[in-house]
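Chemist: Here is what each chain is made of, one letter per residue.
Number of protein chains: 2
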Amino acid sequence: MQDKLMLMIPGPTPVPERVLLAMAAHPIGHRSGDFSAIIGELNDNLKWLHQTKNEVLTLCVSGTGAMEAGIINFLSAGDSVLVGNNGKFGDRWAKMSRKFGLEVEEISAEWGHPLDPEAFRAKLEADTEKKIKAVIITHSETSTGVLNDLETINKHVKAHGEALIIVDAVTSLGAVDLKIDELGLDVVASGSQKGYMIPPGLGFVAVSDKAWKAYETATLPKFYLDLAPYKKANAKNSSPFTPPINLMFALQASLQMMKEEGLENIFARHKRLTQLTRDKVKALGLPLFAPDDCASYAVTAVAPDKHDAEAIRSTMRKKYDIALAGGQDHLKGKIFRIGHLGFMSDRDVLTAIAALEATLKELG
Amino acid sequence: MQDKLMLMIPGPTPVPERVLLAMAAHPIGHRSGDFSAIIGELNDNLKWLHQTKNEVLTLCVSGTGAMEAGIINFLSAGDSVLVGNNGKFGDRWAKMSRKFGLEVEEISAEWGHPLDPEAFRAKLEADTEKKIKAVIITHSETSTGVLNDLETINKHVKAHGEALIIVDAVTSLGAVDLKIDELGLDVVASGSQKGYMIPPGLGFVAVSDKAWKAYETATLPKFYLDLAPYKKANAKNSSPFTPPINLMFALQASLQMMKEEGLENIFARHKRLTQLTRDKVKALGLPLFAPDDCASYAVTAVAPDKHDAEAIRSTMRKKYDIALAGGQDHLKGKIFRIGHLGFMSDRDVLTAIAALEATLKELG
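As you go down the protein sequences, you meet chains W and F in turn. Quick note: the first sequence, position 303, residue 303 per full-length UniProt numbering, numbers continuous. Quick note: the second sequence, position 340, residue 340 per full-length UniProt numbering, numbers continuous.
Here chain W stands alone, though its shape is the one from the complex (with noise of 0.2 Å):
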């Protein structure tokens, strides 16, 4: 049914209609008094969703233009990184790191699966030489469901000293408790059209005093994604370039309500409705694709054994106005992935539900 859409897949997420409508408003001038103020009002506001007093600079870019910013900022051509890799974001990143001619090692795990932490715990205890730059890893992966246990990783990076540990955090700010300053992660990038409920376009990338201090040996060359003039910038409640200013409003409307909600509650909501979603899904029959210790709470993908998964998906966009996730690469027709991330309450979770045991039913 035209303009019946409703969105469950881990990005773009639903966006309140109050966002939509701030965003809908005339552009101010981006050097004017009344949008500095703006970007005052983000600048603490964005400090509180992550849980820290590090600068957090917002960058006009998706959430791998983030990454890119959040790797090629610390590092130089040459430098020794370990890269986890148990998804197409872990993949990503490691091809990333390539391109920029930097030493990667990777740490897979089987897609599906976490990664993990002893592998890195080896490595990192093996350098004791301390050639390892930076362990980069991908907190939720998108790709699979997986919520990968960076809490015992960035503890063996604690203790190796040297090197920063680089978080995609695209799926899981916002959603999963993520304490910053507590945990000493160094560098947090993440994209809007996810937890921060608002259209992409964003990415934002929070930048610890260690990694600044990296930043300034670091010689990979950078211009529109050299943070140096972002935090600058920042420090004036003013941006290098030309901001997406009405993403900002966007985004203005949105912390607030977060701020409104509160962390906690925006955290057991997200918990809640993984587990709800999770329940459901193993109600009808259906095996969830990622292990119930490590499930993300932005995405739950589930790996039908008797239908193909393109069939439900195509069934519940067309009969049911409802967008999943496909299963992506050589997960393709495998697996389909629901969203739950965001603007989501309960009743959408049981709707989707609802929708796909009719699904089911029809397709036999």
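Everything labelled a hint here was simulated from the structure, so no lab data went into it. Fair warning: there could be bad hints in the mix.
Cut-off 27 Å, straight-line C-alpha distance, at most; resulting in silico cross-link-like pairs (DSSO-like, lysine-lysine) [stated by the list, open to error]:
no.: 1; chain 1: W; residue 1: Lys-231; chain 2: F; residue 2: Lys-222
no.: 2; chain 1: F; residue 1: Lys-88; chain 2: W; residue 2: Lys-99
no.: 3; chain 1: W; residue 1: Lys-280; chain 2: W; residue 2: Lys-231
no.: 4; chain 1: W; residue 1: Lys-222; chain 2: F; residue 2: Lys-95
no.: 5; chain 1: F; residue 1: Lys-53; chain 2: F; residue 2: Lys-210
no.: 6; chain 1: W; residue 1: Lys-210; chain 2: W; residue 2: Lys-236
no.: 7; chain 1: W; residue 1: Lys-131; chain 2: W; residue 2: Lys-158
no.: 8; chain 1: F; residue 1: Lys-4; chain 2: F; residue 2: Lys-280
no.: 9; chain 1: W; residue 1: Lys-236; chain 2: F; residue 2: Lys-4
no.: 10; chain 1: W; residue 1: Lys-95; chain 2: F; residue 2: Lys-88
no.: 11; chain 1: F; residue 1: Lys-332; chain 2: F; residue 2: Lys-53
no.: 12; chain 1: W; residue 1: Lys-99; chain 2: F; residue 2: Lys-259
no.: 13; chain 1: W; residue 1: Lys-213; chain 2: F; residue 2: Lys-222
no.: 14; chain 1: F; residue 1: Lys-99; chain 2: F; residue 2: Lys-88
no.: 15; chain 1: F; residue 1: Lys-95; chain 2: W; residue 2: Lys-231
no.: 16; chain 1: W; residue 1: Lys-232; chain 2: F; residue 2: Lys-222
no.: 17; chain 1: F; residue 1: Lys-88; chain 2: F; residue 2: Lys-222
no.: 18; chain 1: F; residue 1: Lys-259; chain 2: F; residue 2: Lys-231
no.: 19; chain 1: W; residue 1: Lys-232; chain 2: F; residue 2: Lys-95
no.: 20; chain 1: F; residue 1: Lys-130; chain 2: F; residue 2: Lys-95
no.: 21; chain 1: F; residue 1: Lys-232; chain 2: W; residue 2: Lys-332
no.: 22; chain 1: F; residue 1: Lys-95; chain 2: F; residue 2: Lys-53
no.: 23; chain 1: F; residue 1: Lys-232; chain 2: W; residue 2: Lys-222
no.: 24; chain 1: F; residue 1: Lys-213; chain 2: W; residue 2: Lys-222
no.: 25; chain 1: F; residue 1: Lys-222; chain 2: W; residue 2: Lys-95
no.: 26; chain 1: F; residue 1: Lys-332; chain 2: W; residue 2: Lys-236
For chain W, the structure is supplied; the task is to place chain F on it using the hints.
Modeler: Only chain F this time, still in chain W's reference frame:
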């Protein structure tokens, strides 16, 4: 007065209500057939706007990001480039080129004056070894309101035969008749918050076959700004990374409006508004910063000799709710700039001039 602001700066430019409302629609999945159809329409209409058969690529970046993509995709560290520098943006492209290890020779003119095509001819003719790999030109220098003589400079580039011509058309595209194919322009970069009549957040790069050939041997590292994946995705009406979906809804609406108006009419309107602005400013006894024969069709810089430019701007903003742009860098306080780019009509110019007259009276 609250919410009464009228934007007459050279970006962001005013956004039509039809475009704002299109942007406020709920996002849809960027991998859906519905969104693919939108990308297809956008690609066709972007080619129409650019007057080219070349691929026009859409990135989630500001204009600076689009220019960076336009430079780093086609060059390698150590390559020689000629960069025209007669304002803040020309200066930025020279700085950016150096950041990426290019051998930059600047051809400069004083701010407010146009680049001298003869200087380009001399350098290009002297380069018998064909070491110059690219000439980088800002078409409309937003900081001063000067339109550089791209056609003549381009003739000299074509006579050289080897060098690419890379054009910052950020405030000329959609305002000045720019026949990309007829002129054989290799790389043309632009940004959404200008002639496109939509908010900032999208950058565009039009790329010629000759530039794609240069791409094959260019070695600067790149990932998010690597244009080959964008080209590949374009052919399938897709995008390599999550695109700014709602800004693309806005672009769809604005390009439809532009097609309804017609290119000839759009260019004629910008020329007429430029002439009107200049005539009226002169009639008020205020000196224009750039000469008539190189006037940008996007923005007119005024250099008041009896008043502080910032005082004029401040009264215009506070009493008449009209935002003008100030001077940048050493021109701060010396000039103000009236934007007449994008969704602008004769009425807007008359309004600004009436308020400017009242402001001058007030300031004595």
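Chemist: Look at each hint and say if it fits the structure.
Modeler: Do the hints match the structure? See the list:
With a CA separation close to 22 Å, the supplied pair W/Lys-231 and F/Lys-222 stays within the 27 Å bound. Taking the CA atoms of F/Lys-88 and W/Lys-99, the gap is about 31 Å. The hint is violated against a cut of 27 Å. For a cut-off of 27 Å, the pair hint linking W/Lys-280 to W/Lys-231 is broken: about 45 Å separates their Cα positions. Between the alpha carbons of W/Lys-222 and F/Lys-95 the distance comes to roughly 11 Å, so the proposed pair stays at or under 27 Å and holds.
For the given pair, F/Lys-53 sits about 13 Å from F/Lys-210 by alpha-carbon distance, which is consistent with the 27 Å threshold. Using a Cα cut-off of 27 Å, the hinted pair W/Lys-210 and W/Lys-236 holds, with the two alpha carbons roughly 22 Å apart. Between W/Lys-131 and W/Lys-158 the CA atoms are separated by roughly 15 Å; this keeps the pair inside 27 Å, and the hint holds. A threshold of 27 Å between alpha carbons decides the hint, and for F/Lys-4 with F/Lys-280 the separation of about 24 Å falls inside it, so the pair holds.
A threshold of 27 Å between alpha carbons decides the hint, and for W/Lys-236 with F/Lys-4 the separation of about 26 Å falls inside it, so the pair holds. A hinted pair counts as satisfied when its Cα atoms are at most 27 Å apart, and W/Lys-95 with F/Lys-88 does not qualify at roughly 36 Å. A C-alpha spacing of about 41 Å is found between F/Lys-332 and F/Lys-53, which places the hinted pair above 27 Å, so the restraint is violated. Taking the CA atoms of W/Lys-99 and F/Lys-259, the gap is near 40 Å; set against the 27 Å cutoff, the hint is violated.
Of the pairs offered as hints, the one joining W/Lys-213 and F/Lys-222 holds, with about 24 Å between alpha carbons and a cut-off of 27 Å not exceeded. The hinted pair formed by F/Lys-99 and F/Lys-88 meets the criterion: a straight-line CA distance of about 16 Å does not exceed 27 Å. For the proposed pair F/Lys-95 and W/Lys-231, the alpha carbon gap of about 19 Å is at most 27 Å, so the pair holds. Using a Cα cut-off of 27 Å, the hinted pair W/Lys-232 and F/Lys-222 holds, with the two alpha carbons roughly 24 Å apart.
Of the supplied pair hints, the one linking F/Lys-88 and F/Lys-222 holds, its CA atoms being roughly 25 Å apart against a limit of 27 Å. For the hint pairing F/Lys-259 with F/Lys-231, the CA-to-CA distance comes to about 24 Å; that is within 27 Å, so the pair holds. Distance hint between W/Lys-232 and F/Lys-95 is fulfilled; the C-alpha atoms sit about 18 Å from each other, no more than 27 Å. Under the criterion of a C-alpha separation no larger than 27 Å, the hint pairing F/Lys-130 with F/Lys-95 is consistent with the structure, at around 23 Å.
Simply put, F/Lys-232 and W/Lys-332 have alpha-carbon atoms about 20 Å apart, close enough for the 27 Å limit, and the pair holds. For the suggested pair F/Lys-95 and F/Lys-53, the alpha carbons sit about 31 Å apart, so the restraint of at most 27 Å is broken. Distance restraint check for F/Lys-232 and W/Lys-222: the Cα-Cα separation of roughly 24 Å lies within the 27 Å cut-off, and the hinted pair is therefore satisfied. With a CA separation close to 24 Å, the supplied pair F/Lys-213 and W/Lys-222 stays within the 27 Å bound.
Straight-line distance between C-alpha atoms of F/Lys-222 and W/Lys-95 comes to about 11 Å, which keeps the hinted pair within the 27 Å bound. For the given pair, F/Lys-332 sits about 18 Å from W/Lys-236 by alpha-carbon distance, which is consistent with the 27 Å threshold.
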